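Chains as they are written, first to last, in this note's numbering: chain V, 1 to 335; chain H, 1 to 506; chain R, 1 to 337.
A portion of the hints provided could be inaccurate.
[What the hints assert, rightly or not] To give an idea of the chain H side of the interface with chain V (calculated C-beta under 8 Å), a few residues:
#1 GLY281
#2 PHE284
#3 ARG330
#4 GLU359
#5 VAL369
#6 TRP372
[To be verified] From the derived model, a few chain R residues whose C-beta atoms are all more than 12 Å from chain H:
#7 LEU19
#8 LEU32
#9 ILE74
#10 GLN100
#11 THR117
#12 ALA121
#13 SER130
#14 SER155
#15 LEU204
#16 TYR207
#17 ASP212
#18 LEU218
#19 LEU221
#20 ALA311
[Claimed, not checked] Label-pair ranges, simulated between beta-carbon atoms:
#21 H/ARG371 to R/HIS23: 44 to 54 Å
#22 H/GLY82 to V/GLY36: 48 to 58 Å
#23 R/ALA276 to V/GLY254: 44 to 54 Å
#24 H/ARG377 to V/GLU218: 24 to 34 Å
#25 R/ALA42 to V/ALA323: 46 to 56 Å
#26 V/LEU258 to R/ALA305: 17 to 27 Å
#27 H/ARG126 to R/VAL192: 24 to 34 Å
#28 V/GLU218 to H/ARG371: 13 to 23 Å
#29 H/PRO72 to R/LEU19: 35 to 45 Å
#30 R/THR200 to H/THR77: 35 to 45 Å
#31 V/GLY36 to R/SER173: 38 to 48 Å
#32 R/ALA195 to H/TYR31: 40 to 50 Å
#33 R/LEU38 to H/ARG431: 53 to 63 Å
Keep in mind the hints are simulated off the structure, nothing from the lab.
As the structure is a prediction and not an experimental result, all values here were calculated from the model.
Note that the Cβ used here is the ideal one computed from N, Cα and C, for glycine as well.
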Amino acid sequence: MSTDLNRRTEEVAPPAVARERAWGRLFSDHPLLVLGGVLVVLVLVTGAIEPDYLSLRGLRNTLLLAAPLGILAAGQTILMLTRGIDLSIAMVATASAYVAGNQSPNGAGVAIALALVVGSAAGALNGVGVGVFRVNPLIMTLAMAGILLGLFTQWAQTFLQGSTSVAPFIRTLGGGSFFGNRVPWNVLVWAGVAVVVIWGLRRTGLGRMLYAVGDNPEAARLAGVRSWQVLLAAYTLAGFFAALGGLLLAGQSGAVDLQLAQNFLLPSVAASVIGGTSIFGGVGTYSGTILGALILSVLNSMLTFLNAGQAVKQVVYGTIVLALAWLYAAVTRRE
Amino acid sequence: MPPRHPAPPHLGTDVSQRPPLLEARGIAKRYGSVVALRSADLTVAAGEVHALLGANGAGKSTLVKILAGVIPADAGTVRVDGAQVALRSPAEAMRAGLATVFQDPALIPDLTVEHNLRLSGLEPERIRPWLARVGLAGLDLGAVVRELPLPVLRLLDLARALAHEPRLLMLDEITAALPADQAERVFSVMADWRAGGRSVLFITHRLAEVLRVCDRATVLRDGRHVATLVPGEGGESRLVEAMLGEVAAVTAGPARAREGRTEAPVALEARSLTSRGSLRGVSFRLHRGEVLGLVALEGQGQDRLFEVLSGARPYDGGELLVDGRPFRPRSPFDAIRHGVVLVPADRLQALLPQRPVRENLAAALYNRVARWFSLLRDEEDRVRRVVERLAIDVRAQRQARRLSGGNQQKLVVGRWLVGGFRVLLCFDPTRGIDIQTKEQIYGLLRELADEGAAVLYYTSELQEIPLICDRVLVMYGGTVVHEQEAATADEATLLNAAHGLQEAAV
Amino acid sequence: MGAVGQVVAGRLGGEWRRLVRRHGWTVGVWGLLVLLLLWYAALIPRFGPFAIASIAKNSLPTAYLAVSQAVVVIAGGIDLAVGSMMVLANCVSALLMEGQSFGTTVLIAVGVVAGATLLNALVGWVIVTSRIPDIIVTLATLFVFGGAALMVLPSPGGGTSGGLRFVFTGSTSGVGSNYWPSLVALAVPLAVLAAWLGRTRTGLSLYAAGSDPNAAYLSGLNTRRAKVLAYAIGGAFAALAGLAVTAITATGDPKFANAANGTLNSVAAVVLGGVALTGGVGSVIGAVAAGVVLFILKPILTAMAIDPNTAQVIQGLLIIGVMMVAGLLELRRRRAG
């Protein structure tokens, strides 16, 4: 609405007012500071409940959970930047885990490679639907999730029946730890993903195009961007990360079943949102998503220490996601 | 231009005895660090047609939106018939007797006309006479709004506002998209309203209309009230003076001698270009080093021509050549690849509002997959050079939407300087931009042309033609009807040609 | 005479074309539903009142959820929590109704619907106040309501009165051949809602808020109220879905998968039913038909001896196929226009 107001005269705010707004400005320009604060507070509160928590070993469980969540959320973040979303992420992860389980007898390398290929292919199909045929991402990925569920439920009873355990290497990667059993291996994988995604979004042409297509599709088109290419790449990447997350989850639990990644779909969206990625595209960073994934995982540990049942956990979890999203919106909103 | 009639003298009763119908005092509004209105005063008496004037960015639209209850004012008071009123929502403004017809029709696109009327609390029977009054008696109430043409929507919006029988009718640029006969009808409605002792606030850019139909005019400049005049006394020049202040009219000096252009190679050539329903054989040549002006009234095919040239739409017949080679772009990417780039009419169309200045400027560098895997090593350099060359104000560079309109337009033009191009298509690039930025853009386009670029420049402001163009084309009814040297082009000739009144001028 | 006739014919033709364009999708979905019903009738050996009653009652939850989602989407929102609201209503009603008389269960049912209406109105209020996107807020409430259902009823259980079962299923035992009550239980609230949406000022303001909130605001409508209202109505229909589940199964089941599936089906139904996810376009009538279409696919495929998992795959492919065709048509229309 303010778009056609011709803003002609610029004025710099007087210094007295400026100081008053300094904090608000600091937070609104760097909202991750607020998120970092929330994370620290949550860790300390959890530490107060369970003093053992405040050690590398104590934090290990949180990280073990945070890594696959963060990797799944990487795909979600990339898609949300383009105004998209992937509701098939959990099923793609599960499907890839089955593939890995099926191929594990042929060696971990083959298993991992094929799982990643299958995940990327499923993502690419989503990309074709959304990018080329302009199907609403919600519908496209929802239907994809339904199709994969149908296929793998069937196959789990037939030729995938024996594919429920994965190669030892994958198990170590997903659930093992190093440095005196303090640091999980999957955190190392996550760190690699983080470096690639953060660098990719900031320092590559594809990153620029992801933001551009999400921020203003029409402007992107006028700049010569063929959005179907960008969307195809984005959904394929999301499929790839889903597969990677699925592999780590399979390694962690040691076994593959149809519910493997089910509980990670909603948190993957929540982590991105809490981290400041706009579902309307064009705004967000993976650093924020990392903080979001950590916050949600610490919260999970805290509720576990409190012996909260599944029901209470769910209610508290939902409420806090809402509160954090509200906090983020309030902090960053500026006229 | 319509003939000028001196405004009739005041018809109302002795105004000084009664409080004015509307009295707004000291209205102020700022958006963040940008001041839209400093202190605007406006007094509208009962029984007058009052013009609200000002250059782009003077604050007219903001003031109207405040009076309409769309946005809240930061300071100031509004009185209706002497009693202070709060205007916290459009509904409240309507209850206070203020009804507005906005620039963009406030109609719900997916609903039928009838549903829209019902939404405003109007029964079809009640609005029928008003529809007839604005010339829409035959309008099918079952039609979906999205499928109606803009002039019909404007008039429909007007009829709806009239049906509320407001004390003060506010019309924001209502005549902008109306053909002449329908504009006449609006004027006659305005006259009726005045005769009934009610008032009209009329926002327009067309001074001829002000001279013809308005009793008084309030002029805003830089968000302040500068004068209230009777338009008939002193005529156009006094109004212009008040609107522009010391910054006299645009002063880019007369066109310099630019020789040898037509000997330069042809960058873009159209040969009897046709496009269904819009272009009926457009031919022209655009040379390197040339700024070719294009003038046309609304809807003469200029939009389609730009769409075709920029690859948004294919053409049906004829030929297009770029640097002598056939050019048939199937997408904007295709056109850009051939060096033909567009600065669209609405800068917001081409802006990445939430992205920083740098990403906006570099956006066109990465539109091919081969460039996706890193950033160009010299990106920063290229961007910095363009920022310096265009004097882009980078204080608010974190998000392009926080920049002023002029700086946003510089980003849109600058994107092509970063990316490189052969032919620059500009569609009314200075619309709604302050004079200083306008001059910078003129200067830039001239420089680019002098460096060998070819520029096709459509403008809705005829005064711009002699300032920057070498030659000018006039389009009418889907073809080019007139061509001449810009230095010799006066407004009268161009207007005649644009109306299809061709004198033996070619 | 000839000329006049031509004008009239032209106008009639235009009228017809317009009707087709505006309601074509809805009519098409209903046509598809009829075709599928006929196909089903031909497939199974004994198609009679019992089969009709079975479809009528078992499709009730999906149909109610489709209406619930449609109202919200028309007003420019989306409610990912409709499924868990259904589960919550199911659990609360089954818990409270166990062993109660018909009169008491009706009172409880009214209370559950009222509670769900208020609760979802609160969700709508949070959305318009916080300005957090609908999808995020309702994603959170999907968790919250699902958890609340688990708190109310940690494991499947509860019951209801025979009378209430009759209201939704046509039989006090939940199994029978009387299909009229199920049809009435759907048609009456649907008709009231459709008439209200299309004919009253407040109802139309929901379309306005979804179609162009800016224009709606400029014409003096309260778009925030319209959205809250849409969520409230959506809550009421989600509660009806929950009550229908209680009546059909005579138990409450807090399983989260039920909630997730309910939401997924509702979104698919809305889109297939011609309600644009961008808001302001479509009708609840079309959404209901699409909801029943989605439901009936499974019995048909079962009757064809196709594995239910394959049926799920086919359903997904069908949704994608329809949306791709719609997308292509839209693309062509834009190219041509």
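Report the numbers of all earlier hints that the structure fails to satisfy, in ascending order.
Result: hints 1, 2, 3, 7, 9, 15, 16, 17, 18, 19, 31 break, sorted rising.
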